[in-house]
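Asker: Sequence:
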Amino acid sequence: MSGKFLRVSKVGGSLFDFADLPTALRCWLDDQPGANVLIAGGGPFAEAVREADRVYSLGDSNSHLLAIEAMSVSAKLLLALLPESRLVHSLEEIPCTVAAHKIAVLDPVSLLTSPECRLPRSWDVTSDSIAAFAATELGAHELVLFKSAHLPPNMRRAEAAEKGFVDGHFVRSALEIQTVRWVNLRVAPVTERPL
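Sequential numbering of the sequence shown, starting at 1, is according to my numbering.
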């Protein structure tokens, strides 16, 4: 996508129990220039899949597909929290959505189940890497990770992956992205760091 400044933002699943999420997210987005694409983390829905995998040993492929469906549920929850946004099912729908001055909420099922998707199907790939993949595919100007945790200063991406702040595949997925911002929405005032 060219022209308008485009931001892809991952809304961490840990924020879905934060009562002020809609207000905090709106306030932050309203202060930022450009168009926004939101990708919802799996949250409690993905955690249920993780637990089922732990109990039943579902395997990487089955667990990954179920976790993607969990992200679809989270996307619909995000849409309910931000009714001014629009649910999109493919990257191709995004230019029209943002041209209409809408926030695009990506339901990732079609993107992640297509044969062209190069992401591994494992627990090493979470919404962090999925958002980075989408940002790269869209040619976004920046990636924002909305989280519930504080990121220590001067942390590099590889160290963030090693310490569990982002998933194990994130460094590879975000390789072509120059600007990544970590935003802790759960605190007031909101804190932000480059990653």
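Heads up, a few of these hints could be off.
What the hints assert, rightly or not - Below, simulated SDA-like cross-link-like pairs (lysine to any residue); rule was C-alpha separation at most 20 Å, straight line: (1) 4 with 176; (2) 102 with 139; (3) 102 with 31; (4) 4 with 81.
Stated by the list, open to error - Listed next, with one range per pair, are the computed distances between beta-carbon atoms: (5) 191 with 122: 29 to 37 Å; (6) 175 with 92: 33 to 41 Å; (7) 188 with 92: 33 to 41 Å; (8) 193 with 26: 18 to 26 Å; (9) 30 with 54: 37 to 45 Å; (10) 159 with 89: 31 to 39 Å.
These are calculated hints, taken from the structure and not from any lab test.
For each residue, glycine too, the CB sits at the ideal point set by N, CA and C.
Asker: If you check each hint against the structure, which ones fail?
Answerer: 4, 6
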